[in-house]
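Undergrad: Read top to bottom, the protein sequences are chains A and B.
Take 1 as the starting number for the first sequence in the numbering used here and just add one per residue.
Take 1 as the starting number for the second sequence in the numbering used here and just add one per residue.
Keep in mind the hints are simulated off the structure, nothing from the lab.
Glycine included, each C-beta is placed from N, C-alpha and C at the ideal position.
Keep in mind that the hints are not guaranteed to be accurate.
Quick partial rundown of chain A residues pointing at chain B, CB under 8 Å, derived from the structure [what the hints assert, rightly or not]:
id : residue
1  : Phe45
2  : Ile96
3  : Gly110
4  : Glu111
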Amino acid sequence: DTGVSQNPRHKITKRGQNVTFRCDPISEHNRLYWYRQTLGQGPEFLTYFQNEAQLEKSRLLSDRFSAERPKGSFSTLEIQRTEQGDSAMYLCASPIAGGQSTNTGELFFGEGSRLTVL
Amino acid sequence: GDSVTQMEGPVTLSEEAFLTINCTYTATGYPSLFWYVQYPGEGLQLLLKATKADDKGSNKGFEATYRKETTSFHLEKGSVQVSDSAVYFCASGEGSSASKIIFGSGTRLSIRP
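Please work from the sequences and hints to get the whole structure.
TA: Set out below in structure tokens:
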């Protein structure tokens, strides 16, 4: 158990529907990351937060995607008007280092939320 | 931007064979470098890391040395076991504060008994 909890673990939806994923990171870690992983590929960076501030967004994150981290605790990733190309595993990660220490890039990953768009 | 290129798989070896999985990176600065592993049915987990040139990361019999001159971080193990069967990802931490981790596409390793 890495301490990063994601839900739902698997979501099947029809094209055009909205979906929301939630991540509860390791407590006291000020950074939180979202990645997307498709079959046979490595994780692709989507966005990251420092506390409640969203500091960087990938070009992969179209305007149909929105992420929030209210109060710097849990985070949500919403996909509006889903498309079949959105089918992937969505991963959340917390730094392994402590919340206020220099970030060395080591990440604890959650088990992911798998999205299937029919 | 920064990128990571790693050896394509799948790689199939017999137990006790020597393993090398190649990884090279491009970066404007001096990133931290990592190998992550994903065992069947499990999430990604950190295997080893190196934060500066000539550092050697090691864990579970695996090693990788940060080579600035060749911009490489090849993963090696002297004698693989069936339990090493997994997908291995090379990664770099962008910038001095490693604010963003960039992953390679992964190499699937299968070990025959």
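Undergrad: Of all the hints given earlier, name the ones this structure violates by number, lowest first.
TA: Hints that this structure does not satisfy do not exist here, as all of them hold.
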